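2 protein chains.
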Amino acid sequence: MHAVTYELLKEDATCGARLGKLHTPHGDFDTPMFMPVGTQATVKTLSPEELYAMDSQVILSNTYHLFLRPGSDLIRRAGGLHKFMNYKRGILTDSGGFQVFSLGAMRKISEEGVTFRSHIDGSKKFLSPEIATHVQEDLGSDIAMAFDECIPYPAEFEYAKVSTQRTTRWAKRCLDSHTRPDQSLFGIVQGGIYPELRKMSVQGLLEMDFAGYGIGGLSVGEPKETMYDILGQTTELMDKHKARYLMGVGTPDCIVEAFNLGVDMLDCVFPTRVARNGTAMTATGRLVVRNAKYAEDFKPIDEHCQCYTCRNFSRAYIRHLFKAEELFALRLLTIHNLYFLLDFAKQIRAAIAADRFPQFRKQFWENYRDCQL
Amino acid sequence: MHAVTYELLKEDATCGARLGKLHTPHGDFDTPMFMPVGTQATVKTLSPEELYAMDSQVILSNTYHLFLRPGSDLIRRAGGLHKFMNYKRGILTDSGGFQVFSLGAMRKISEEGVTFRSHIDGSKKFLSPEIATHVQEDLGSDIAMAFDECIPYPAEFEYAKVSTQRTTRWAKRCLDSHTRPDQSLFGIVQGGIYPELRKMSVQGLLEMDFAGYGIGGLSVGEPKETMYDILGQTTELMDKHKARYLMGVGTPDCIVEAFNLGVDMLDCVFPTRVARNGTAMTATGRLVVRNAKYAEDFKPIDEHCQCYTCRNFSRAYIRHLFKAEELFALRLLTIHNLYFLLDFAKQIRAAIAADRFPQFRKQFWENYRDCQL
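Top line first, the protein sequences correspond to chains V and D. Everything in the first sequence is counted per the numbering used here, starting at 140 for the first residue and increasing by one. Everything in the second sequence is counted per the numbering used here, starting at 140 for the first residue and increasing by one.
For reference, chain V alone in the conformation it holds in the complex:
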């Protein structure tokens, strides 16, 4: 029995969308869900209580960053990541693979693992499937991810094939080295934009005993149509009784489409990152609150929004805080943007439950202007 299990509650009759429960050592959570990102053991600018107040469930933290600073040994001695950062709900950690591969010229891949230089002090480091697994056991996240290579876009078929096969071998090594009973490991499907390789990847992982699956290597520069096409072909092949986590994707348009294709979990730094840049997400698109036109606009960011920020502060005030470089501004927009996406996922769950997700999706696209940056 895995520490983390997925309970399928309902499948939409007309599309891939599904409702479920993710059971974890830190509680049961509703899927499909959006996961806020807390890279360095903190969701930037927010307290755990602010996350609870917006019904945040599982959050994501980054192994690469915590491995380098403050180190996973330290977090283990602190009693694990939940205790260290005082987040009492679910935590998922990625494997560090994505960040390490993003280092480009600063890393070197071998069958054994990846040698790279720290972005903090330039020191030489090494991550392998075993080390990434061990580090995540130190962190004590509810869900640990297998160490994989995120294939860039574009990539030749041959490169993608070699890489995907290695990711599958690495997945096996992660599983073999994983020992912590109160933590579950998810394998990661790769394969680039090649359906044949995605199929090979899924099949390879299905032969192993993972508690759930990540879908990696999407939203890395390919056209969105390609992403949705590959995603749909991938989820169709997957075990419907295990959770499917689409990694690093989380703008509203992608959320609607990913959930439509049977994704259960996803994460993205987008809402928190653009918040710190002065941009609020709303149902009708971006609102750049720094703009001069909001200087004397005493309405909230979104009059229909029930978040803390919209219930208490005006556009004019938030704009003032941004102009005056006051840190409270970053927090107010981070709260709003995360609430927006968590609430968006909640609306989708309600729509699936009421058999009206297809209409929800249709309406979304009719109203949607552009929430991307």
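Just so you know, these hints were derived from the structure itself, not from any lab. All of these numbers come straight from a predicted model, not from anything done at the bench. Some hints here could point you the wrong way.
It does not matter which identical chain is used: a pair holds within one copy or between any two.
Result set (DSS-like, lysine-lysine): computed pairs, CA atoms no more than 30 Å apart in a straight line [as the list claims (entries may be wrong)]: (1) Lys462 to Lys222; (2) Lys338 to Lys363; (3) Lys222 to Lys432; (4) Lys485 to Lys183; (5) Lys485 to Lys438; (6) Lys432 to Lys183; (7) Lys338 to Lys438; (8) Lys462 to Lys264; (9) Lys462 to Lys227; (10) Lys227 to Lys183; (11) Lys183 to Lys160; (12) Lys438 to Lys227; (13) Lys485 to Lys247; (14) Lys263 to Lys300; (15) Lys432 to Lys264.
Using the hints provided, position chain D relative to the given structure of chain V.
Same frame as chain V, but now just chain D:
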């Protein structure tokens, strides 16, 4: 009848310390009190709810900063400062005098007022007793301060005399131009380090109908003994049925001594400023949480402290956040430091109520190492 009144509840039999209530349009508050500073319509990094949770009462906001940005007209149209920043308890605004005079070479004084250049864009601005009063009426603070000159230290007797006499004339002009019935104006005692001038200043102000008094021009570089000496000689001359506000003073040692000499209110940026620098205030002195020795220290900042930060997070975690340049760090230490000073004032009130303030003060000095930077 003033909008803001001071109710004297108890005088210590052996020293100047006293207990009182400050009645304001936004509630009744216990004195002696420490006031957190929210310069730009925000106590840096904190929400109003975080301030309420630490029993913050009256906070201070700076007229100079708000006059320049976003402008007092805008705040008036927003419904006033309380509504703009959503702080529902008391707000005191200074007059801008202190900041304008701090500009040094960038300002020019005349009988009419002060011409200066904005620190934001270098544009030419003018503040006078009438304008400073008008701006504070726009802001709608509970307590507005008269426009004064803060005499630097050292200053020649003749300069201090001329300046103090002008401040008294300016106080009259502030009072004459003040119209808002739901706001009270405090006059400001100046006089530098010259007892004779302090006396002249107090007497001049007592002839006018102020709701309370600020004591300015102390803690500007003079030795602490001088400060305490002048402060004691000043409070002795003042009306004991009106509030006494010592401006810009707020380290624990100064708080104990000021309250001992009959001060009812004081404010200081010290706790919030050093917090953002990684320094926590404790009963046994500074704790520089950035220091390497706290890397694996899983105790709270102060094991006896009941603040949100100390109840939930370790030194190791806060140090990690500082090293990783995470903004939540600044907030956690700001909460701790403000809680520390607000609680310190609360302890002093309890000591005065129980007739044990002299012992409290004695014990404080026995334990006190150095909480200053």
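When Cα atoms must be at most 30 Å apart, do lysine 338 and lysine 438 count as within-copy, between-copy, both, or neither? neither (50 Å within a copy, 50 Å between copies)
At most 30 Å between alpha carbons: which applies to lysine 338 and lysine 363, within, between, both or neither? within (20 Å within a copy, 77 Å between copies)
Within, between, both or neither: lysine 485, lysine 247 at alpha-carbon 30 Å: Close neither inside one copy (42 Å) nor across copies (60 Å); limit 30 Å.
Given a CA cutoff of 30 Å, do lysine 462 and lysine 264 count as a within-copy pair, a between-copy pair, both, or neither? between (40 Å within a copy, 19 Å between copies)
Which holds for lysine 485 with lysine 183 at a C-alpha limit of 30 Å: within a copy, between copies, both or neither? Close inside one copy (22 Å), not across copies (33 Å); limit 30 Å.
At most 30 Å between alpha carbons: which applies to lysine 432 and lysine 183, within, between, both or neither? Answer is both: 27 Å inside a copy and 25 Å across each meet the 30 Å cutoff.
Up to 30 Å between alpha-carbons, please classify lysine 485 paired with lysine 438: within, between, both or neither. Within one copy, since 25 Å is at most 30 Å while 38 Å is not.
Given a CA cutoff of 30 Å, do lysine 462 and lysine 227 count as a within-copy pair, a between-copy pair, both, or neither? between (35 Å within a copy, 24 Å between copies)
Checking an output row: lysine 227 and lysine 183, CA cutoff 30 Å. Within, between, both or neither? both (17 Å within a copy, 27 Å between copies)
Using 30 Å as the alpha-carbon threshold, which applies to lysine 222 and lysine 432: within, between, both, or neither? For lysine 222 and lysine 432, only the inter-copy Cα distance (20 Å) is at most 30 Å; the intra-copy one is 44 Å.
Checking lysine 438 and lysine 227: alpha-carbon separation at most 30 Å within a copy, between copies, both or neither? Answer is between; shortest inter-copy Cα gap is 19 Å, intra-copy 34 Å.
At most 30 Å between CA atoms: does that hold for lysine 263 and lysine 300 within a copy, between copies, both, or neither? Within. Shortest intra-copy distance 28 Å satisfies the 30 Å Cα cut-off; inter-copy 67 Å does not.
The structure is inconsistent with the numbered hints 7 and 13, although it conforms to all the rest.
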